[in-house]
Every structure is written in C-alpha cells, then in structure tokens.
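Asker: Residues per chain, in single letters:
Protein chains: 4
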Amino acid sequence: MIKCGVIGYGYWGPNIVRNLSNVEGCEVVAIADASPAARKRAHKAHPNLRIEADCNEVISSTAIDAVAIVTPVWTHYELAKAALENGKHVFVEKPFTNSSEKAGELIELAEKKNLRIMVDHTFLFTGAVRKIHELIQNGSLGQLYYYDSTRVNLGLFQHDVNVLWDLAAHDLSIVDHLIDAAPEAISATGQGHLNNHEDVAYMTLYYPDKVLAHINVNWLSPVKVRTTLIGGEKRMLVWNDLDADEKIKVYDKGVKINSREGVYDLLVSYRSGDMWAPQLEAGEALFRELSYFAECIGNGKTPFNDGRAGLRIVRMLEAACQSISKRGEVVAL
Amino acid sequence: MIKCGVIGYGYWGPNIVRNLSNVEGCEVVAIADASPAARKRAHKAHPNLRIEADCNEVISSTAIDAVAIVTPVWTHYELAKAALENGKHVFVEKPFTNSSEKAGELIELAEKKNLRIMVDHTFLFTGAVRKIHELIQNGSLGQLYYYDSTRVNLGLFQHDVNVLWDLAAHDLSIVDHLIDAAPEAISATGQGHLNNHEDVAYMTLYYPDKVLAHINVNWLSPVKVRTTLIGGEKRMLVWNDLDADEKIKVYDKGVKINSREGVYDLLVSYRSGDMWAPQLEAGEALFRELSYFAECIGNGKTPFNDGRAGLRIVRMLEAACQSISKRGEVVAL
Amino acid sequence: MIKCGVIGYGYWGPNIVRNLSNVEGCEVVAIADASPAARKRAHKAHPNLRIEADCNEVISSTAIDAVAIVTPVWTHYELAKAALENGKHVFVEKPFTNSSEKAGELIELAEKKNLRIMVDHTFLFTGAVRKIHELIQNGSLGQLYYYDSTRVNLGLFQHDVNVLWDLAAHDLSIVDHLIDAAPEAISATGQGHLNNHEDVAYMTLYYPDKVLAHINVNWLSPVKVRTTLIGGEKRMLVWNDLDADEKIKVYDKGVKINSREGVYDLLVSYRSGDMWAPQLEAGEALFRELSYFAECIGNGKTPFNDGRAGLRIVRMLEAACQSISKRGEVVAL
Amino acid sequence: MIKCGVIGYGYWGPNIVRNLSNVEGCEVVAIADASPAARKRAHKAHPNLRIEADCNEVISSTAIDAVAIVTPVWTHYELAKAALENGKHVFVEKPFTNSSEKAGELIELAEKKNLRIMVDHTFLFTGAVRKIHELIQNGSLGQLYYYDSTRVNLGLFQHDVNVLWDLAAHDLSIVDHLIDAAPEAISATGQGHLNNHEDVAYMTLYYPDKVLAHINVNWLSPVKVRTTLIGGEKRMLVWNDLDADEKIKVYDKGVKINSREGVYDLLVSYRSGDMWAPQLEAGEALFRELSYFAECIGNGKTPFNDGRAGLRIVRMLEAACQSISKRGEVVAL
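Chains as they are written, first to last, in this note's numbering: chain A, 1 to 333; chain E, 1 to 333; chain G, 1 to 333; chain U, 1 to 333.
It does not matter which identical chain is used: a pair holds within one copy or between any two.
List of simulated lysine to aspartate or glutamate pairs, DMTMM-like, C-alpha gap at most 25 Å:
1) Lys102 with Glu318
2) Lys210 with Asp160
3) Lys44 with Glu284
4) Lys256 with Glu281
5) Lys131 with Asp180
6) Lys256 with Asp245
7) Lys256 with Asp160
8) Lys224 with Asp252
9) Lys224 with Glu281
10) Lys40 with Asp54
11) Lys234 with Glu281
12) Lys247 with Asp274
13) Lys224 with Asp274
14) Lys249 with Glu281
15) Lys210 with Glu329
By construction, these hints were calculated from the structure, which means they are not laboratory data. All values derive from a computational prediction rather than experimental measurement.
Bound-form chain A, shown alone:
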C-alpha cells in the first residue's frame, strides 16, 4: 500500500485526493494546506483524514511514501526538493517548476535517490489525446503538417505567471507527447493588458520536416474555446474538447499538389470523404494518471510524463517568454 500525502487543497487538490483514494494500492493519509478555509473544506469532505497546516508535517512524515504537490508553480521546487530529500516519490502539478535549472536539479536528485517524479500532464491520459496519439502512431493521419490549438476563456487564475505558463503548458505537454521530434525553435508574441503578465499570447513551434505547431491562449475571451486542428497528409482531425459526445472528428480529406496549368487553375486536387468520430475511452483521466503513478512506484519504471518531460515543457515556456520579450524573435532550442 502506497501511503500518500497531498500538499495543497485549493482548486485541483480535492480531485487529486478523491482520485488517489480510489486507486488500488494507494491510500491518502494526510492533506496539508496553509489556508484555514481549505483545511475546513478538506475536513468536511474527509473527516477521517489527517489535515495539517504545515506541509512539512506531511513531507517529513515517515508514514508517507509519496507526496502530491498541488500548489502554485513557484513553490514546486522547494516542496519537491524537500519531499525527495525525505525519500518520497513526487507527483507535481504542471508546469513542473518555474525554471529549467530547478527542474534539472530535481531530476538529478530523484535519480540519485531512485525516486519517481511524475508531472501532472493530465491531458495525456484523456481518451481524446490517447486516441489522437494512436491515430498518429498507426499512420492514419500520414505525415503531420501542423498542430493548431486555441485554448481561450475568461479567466486569470494565477497572478505569478502569464497565460502561457497557465494554459499553453497543457498544449506543450500534448505536442511533446504527440509529435515524435523535438522543436527546433520557438517564436511567441503576446500582450498583457491588465498587468505585466501576458493575458493574450501566441506561440509557434518549428519542428523538423516542416511540422508547425501553433498555440493560441487567452484569458480575456468572452467565450470558452478548446479546439485543436491537426493536419496530416492523409487525414485531418478536429479535437473539440467541449463537445460532450464527439470530441474528435477525423476527416478523410486531403490535398495533393498538381502541375501548373494556367492562371485560373488550381494548383491542388482535393480529396473529400467521410467524417468519423471514434468513440473515446471513458473514465476520468486523472484517475488513470494516478493509477499509472502508483504502478510506476510499484515497478520502478520511469513514467513517460516524468521530470524530463516536465523539463522539456519548462524549457519551451522559457523560450517562448524570451521570444515574447523581443516581439516574436525566434529562440532556438
């Protein structure tokens, strides 16, 4: 039985506690949060659990094997470091840390101590992303052309980071998982309207073989949009995460270039066919992810969403911020 402690009981913490409790072989034994209101909520929902104000009570507890860190990003490094030093496996919210240097340190520390780090890239465990991954891996889409995500809504949940660190972190974890290559360079633009942190931002990732990824994130949108277009040589798909029943639509559509025949002629021929919305795996993504966390602790395997994956995302975010400050100037990775 893996005994778990959860640090942070704000917006996402309750979901971690609820799901961890349902994972076979896992048991939540303590929750820590500095806020009295959060502790009150935690106690009401889990009257039989140990609730602490001081997270060190959890981190240093010998009764605990693993710690979930569900706090703002600027606190991740200190908490994760302390947890690793105390011999705990670590499950940490995305983004992993607020600097690639700190991420590197944690990775090293975990390796030295032979402990697992898992970064909470929940989307990778959704039925939608798993299906897209499958369609790319089995060649259904053919050679990738582009990945284009729009993730906008009215919301500004964090005051210590810009919209890229909040929203684009999701998209980066997804492209990192889906695209079998590392980005060569990043160009990003954006603007802060309410304070100095960008609330509207755009980034383009250049991959080998002409693959382009573009991410549009915005905290000042009147409507919520969660739509990704993925173009491939053979097929194209639309992932609308807000569609309750048909999140992924695969289009048997394509374009082939033709020889030039005259001023008004088209350069391309279009193939248009059926559309298909595959049924997606049901169940909660976070539950699958936490089960995988328990499994990796159990068998000592490195999760694919480990500290190195978290570090790759942090590096992209750092590059994007650097590019934004120079109004789009490309930053090599």
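The hints should help you fit chains E, G and U onto chain A, whose structure is shown.
Answerer: For chains E, G and U alone, coordinates are given in the frame of chain A:
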C-alpha cells in the same frame, strides 16, 4: 450613366458583373477574359453584352468610363496602369498589387489624372463589419484589447501567392478599417507544406496602447472557420461569419484587476451579463461597395477603401512575408 | 429534344427553368405567368425565351412536349388536366393536388393518354435522402423503430393551405419513399393562431411492425430547424439538413432489453460506438430529378415519384386534416 | 432545526442529501436504502450519518421531522402515506404518485395533519424556467401561441413506467407552472419497441385561447436534445438546456397577418430584430428548492409545487396514457 468594363470572368467576376448591373447609374458594357470557357459562360449569362478575349479592347475603349479588374494579383499593376492611362476609374480586386512600390505608382498616377481607385475590400461593406465598426466607434466595447481572427479552410486557389496574400488580406483590410491607429510592427510565422508558398501562417500586429491583432490563416484545414474574437475593456464580441442568423454576439463581460490578496486568490474580478446579437444590415456587401464606387465617381470624393488603403494592406503583407522568412523576427512598419 | 414549358415563375419557377435548361435533351421554350412582375423577372433572366401571360398559350402549344406546373396547389388540377388533355407530360409541384379525388382523375387521364406525371418531391433526389434510403435498404439501421422530423421556421408562404400541406408534404414524401410499408392510421393535432389555417401542427403515422413516424411543422418558430431522427435496432441516425458539411450522422448506438433484476436496475443494455458522417452525393437535387423526368419521358418508364406517389401523400394530408379537426382522433388509411 | 431523513440513495438521492445538508436550518440525520451497495456508497460519502436498510426506521423515527422520498414512483404512495401518518413533512420525487386517486388521498391526509407535501419539480427552480416565467408574466412574449419541447436521449432508467411518466413529467410540471390556465384536453401517441411501455411518445395539450403545448419524449434517440420553443405574439424564445452559456435566447421576431392581395403574395408581415440571451440566475436548482421546502415547513405556507401541483401532473399523465391506448383520441380534462 457610368459605362463599365469588367476584366476577368473567373470566380469573382460574375458577381461583379451582376452587382454592377444593378447599381443605379451604372451599366456594364463589356467583359474581357482570355479564357474561351470563361467567355462562353459570360455569353450564356449575358447574351447581350460585348465579350472580348483581349482586355485591351476594354481598357482602351472610349465608350468606357470605369474598369473593374478581377484578375490574379500579379496582373493588377499592368492592367490598372493601362486603365488609368486611358482615363478610366479603377475598381481592383484585393490585394491591390503585389508590391507596395507598384501600389504607390498607381496612386500617384490616379491623382495626376484625377481618377478614382477603389480596392475591393468587400468585407468592409458587410453588415457585420459595419456593426462592429459602429460598436467600436460609439464606445460600446471600450478600450480595445485585442482582435483575433481565424480564417481557415481546405482550399488553395492561387498558385502565385501564399495564404497571407489570399486570406489574411481580408483580415488586414478589416483591422485597418476598425482600429484607429497604424500598426507599429509585425511578426509572422508559417510554413509551406505542398510547395514553397506558405499554406499555414500566423501573424501578430502590434498597435499602440497594447492593442494586439492576430490572424490565423490556413489552406489545409479540414473544416471551414471564420471566427473573430474582439476583446475590449467594457465588452467583448464574437463574430462568426458562418452563422446564418447570429453572426455577431456582444458579451457584456469584462475583467477588472484587483489587489493581491493571497496565493490562491484571483487577481481579477469578472463581470458577466447578458449576451446580445444585434440584427445586421441586410443586402449584398458587394452591391453596397459598387454603389459607393459609382457614388465616388459621381461626386469626385475619395473612397475610404482607396489606393492608399490598398497600399497599407500591401505593406503589411510585405512585412509579414519578410518576418516569416526570419521565423517571426519582428518587422517595424 | 424534349421541349418544355414552365407555368409559374414565382419563388420556385426560376429554379425549374434554370435546371431544366441544363438537362441534356431538354429545352425550355416558354414560360407563362399571370403576374407582370414575374414576367419581367423572367424576361430579364432569359431574354431569348418566349414569355406568356396566359398559361393556355403554353399548355396548348403544339411546339411543347412537357409542362412544368409551378403554381399554388389549388391550381394544379385544372392546369395538369388541360396539359394532359393537350398531350403533354406533366411535372407538377408538391403537393400533387388539393384532393385525392382530383389526383385520381389525373392519374387515370395520364394512363389513358400514356403520358408521364412526375410530382416534384425534390427531397428524394438529395444526397441525404438517397444515403438514408441506402442505409435502410442495406440493413445498416436494422429494423426501423421511428422516424421523427422537425421542420420549423418563421414563414407563411401560402394562404390557401395550412402548414401541413406546405411543410409536412416534404416529410410525407420522404417517409413514403423510405419506409417499405403503407401507414395504417394517422393522428394529427394543430392550431391556427393567425387565421383558420393551422400554422403549428403535429402528426403521427402508425406503420406496421411498431414503426412510428412523427412530423412537427411550424410556421411560427423563431429559428429554422430541419432535423430528423431515425431510430433503428442496429443503428440510429440524425439528419440535420442545415449542417453544411455533415448532414447525416450515423450512430453505432443501440439498446437491448435485459431481464429484470431489481428495482433500481436498468431494463436495458446500451451499445455505444463510433459516429460516422458519410460523404453525400454532391450536385443539385432538382437537376437530378428533372434529368430523371426527361429520362422517364424518353424511355416510357413510370417514375417512382409519379402521380400515385403524389396521391399517397395527398391522402395522408387529407387524413391528417380530418384528424386535426377532431383534435387527434385517429383516421385509418 | 429541521431533522430530515432520506429514503432512497440511488441516482438522485445523493444530490438530495448533499443539498439538504447545505440548507440553513436543515440537518440530514438518516438515510435508508434496501440495497447494500447503496448503503455502502452512502456510508462512504457520509461516514457520520445513520444508514438504515429498513425505511420504516426512518419513517417512524421520532427524531425526524421531514422525509424525502427518492424512490421509484410505484413506492411513493405507501411511503408518503406512512410518513404523513407518522407526522412527517414530505418531499417526494416526481411524478407524485402513479395514480391521481392516491395523490388525492395523500393531499387530504397532509391537510388533515397540517403537514407540507412538496413534489420535486426541480426544473421550476432553475434559472432558465424562472427567467421564462418572468418573461411570460411581464408580458415580454405577449399572448402565448405555443410551447414545444423535445426531450430525448438514449436511456431507459425505469422499467415500471413509460417514457411519459419519466421524461414528460418534467415538461408537464413546467407548462403547469408557466401557462396561466388549465389544459382542456390531451391527445397523445406513442409506441413501445422494446417492451410494452412506450419508449417514444408525443403529446399535445389544448389550452384555452388557442395555446398549444406539444411534448416529444424519446428513450431511443442517438443524441441528447433538451430544446423548447415558445412562440408568443410579441417575441419568441428558444430554451436549449444543453447550452452551457446561453440557455435562453429571446428573439425579437414576430408575424402579423395582412389582407390578402394576390395568389403569390404573403399573408403575413414579419418582424425581425435583435436576439438577446439574458444572464440566468446561477446556483443549483435543487438547493433552491430544498431551501424553499425548509422555508415552507418553517412558516407553514403551502409551496406552489405542492401535492395539488403534483396531482395535476399525474392527471395529465393518466389522460395521455389513456389517449395513447386509443392512438391519439382526445381525452378531456
């Protein structure tokens, strides 16, 4: 009575002929197209009109007062120049020309000859853009934050330009009209997958006062999207040009920044209210535009979508292409 | 070459003329309309055609082989009768006639004269209905459960009939075509709010084997809806005729009844799978229908949408009106 | 403090317990369910509550003031009767009972004992229905023309009733609340495909002044639909309960009848204007309803969704079933 000749009877030409014919005080007297198939179609639809293979027959005809140039962009300069030299007013498809230098020459020539140039920025005459213009002008949206347009579909209609010159030209004419300022700089990214011309491209325009415009254009999208988000301090709007009945939705939503109160607290307060979809002016935009063309010829007034407006768009396109070639490096305007 | 005359150049007539003109082996030689405005429009669009005020000029013309009757329903019988008596094949708008008795007379007359009657049930020639027909015929849906159509909008185009004769006539022609059986009985309800003709109406058709068809038509709806649900034992489909790209969605969903196991247990098991939107045949339905008309004239075959099909629809409409007047009392067919 | 017991911890029971617990002045003290699995779930969620297998332990407990009956409809009468006889106020799931006779008995018993009965017509407490009620009451819609609801999905949750008793009960409670008149008569049609209970059904309610209500319910639909059209003389509205943000859209559209002017002329003139989506009251409807229950117990007032309201719905359901068995024959109320 303004006697008009139309050069080019491909995809858009028939609409020009049909609408010009209905404009009070205008008469289409001749159509020219080098393609026999186009001439056949023109003859079938307009059995009583003069149909020419050689456009010079139209351009040099003394029976003609104005010429509509509805041909690929690389032909605009030569045709417009000849028309102006022959004393004709000119209505020319967007983009105005394929270089700002040529655009400047045409503007000068028209001024010397006291002739009108109108660039076909049809969108400016739609009920939707007119309503948005009104809402910005009368302060309904408050200080602008951003303009974010997505204009994607499966289509590659021109082999001589990239997707920016084809699709983004629309958006640029719209932001040029809506935003009461000139952009300071442009950053653009993109990629050509089928040939060297970009089929997927993104551009960010930096305006004074933190106003940002972003344009997403794509010829390789499985679905057609024509959606623009506009954020303002007071209200925000969504313009979905594919919605038959409710193209514009105005949201009484806003964000106000608050003082910092703690780690988990929000930085902002949200205002959320009713949504309102104003009824838009009915009627065909192109008819309104061509009526305005006739009116400007009649009273000698300079249209707001004149050669200078056309030139501004061409300059932005040139800057964007320059930026794309350097992977997003900002180009000052 | 089949020489055609078209009677009626109101809303639908221009489409008939345009499509007939494009049918191989057909030629429109004359148009008749009593309204000077309609004749003016006809002349403008077809300057080389004979335009008559008196339809008898067309009906009795020896230069004409077939007549398309595109006038209000109460005029169909007289016009069709005269046309048949003059030896013309007849293409007539839906509904065929305003009484089953008159429909019977026309059928008899046509048979005696060996002439073709085709009733304009355009929907049967759309890609959507053809695909649904195929899916039912090839067993993809399995045993049919129900057909449920909603056809509502703001519109009252005819003052001589109620909404059933206007809108439900479409649905009845479709169910008549799709369901391989005759309805046993009809129950209908409705109400006229603006005058005595029902502007809101509902009808249920009872078919053998528990197949139920329901039709909801409404001239007083703020939004336009054209949606049909079709449930089958194996699969179910949704036909949204207003969806530009995915009119038909086939759901691999089903229900199977189980034995009863307890108060809170479900009686049924659900099967849920992929959704599939087949590409539909492109092209204009009316063109296909008129080509088929020409083909039937040429080879002497009876079209499936002949007078008898028209009569079946008229009988259902009569039964529905009888039922409405008794507030839903079932009328056997 | 009102001490509450909850009978039934199936699908809806947990919501009742959770919301009742949050109502000021209320306390849930016991839950009863015959199913061991349900009791296990109840215990896990509420470790400190008394959980009983035998509902009589709750109904007869002197420590309890009010009982919520959240069980299948055929058990309501016995349970409610016992609760009232034991001096408990009663909150009971819709439909109130499975016969109007039993409903009448319960009403009488409650009056004799001076106890409250509230029937759980949750929809009446949603922001959507409250807004529609307001728009009808303040004359915004003008004279009502029709109410037309479609409530379909794939689901068959109850084996003891047909789809009318399950789904249409919601719509009937809503029309009963919104329309200031009693229906005069009902015609209903339907069919059971999987067993003898109708899984597809339609009903029309005739109200005075030409007001018509129509309800379409279906357990065999591949898609979930929750859409209601309401037409009025002045304005019309669409209520789409599945739209997260804009559930109600009010259309400034109307129709006025004109004098007849000719065969092709329209009978009516159309008014078309803006659309408006009012912001709706936030918060959970069930919480508002249960707060109102507590309030009515506290001040002795009769709730508007009392036993008599429940009885009216049951009578309509009985009439509809009677009509269905005669294939639509109207049943007077």
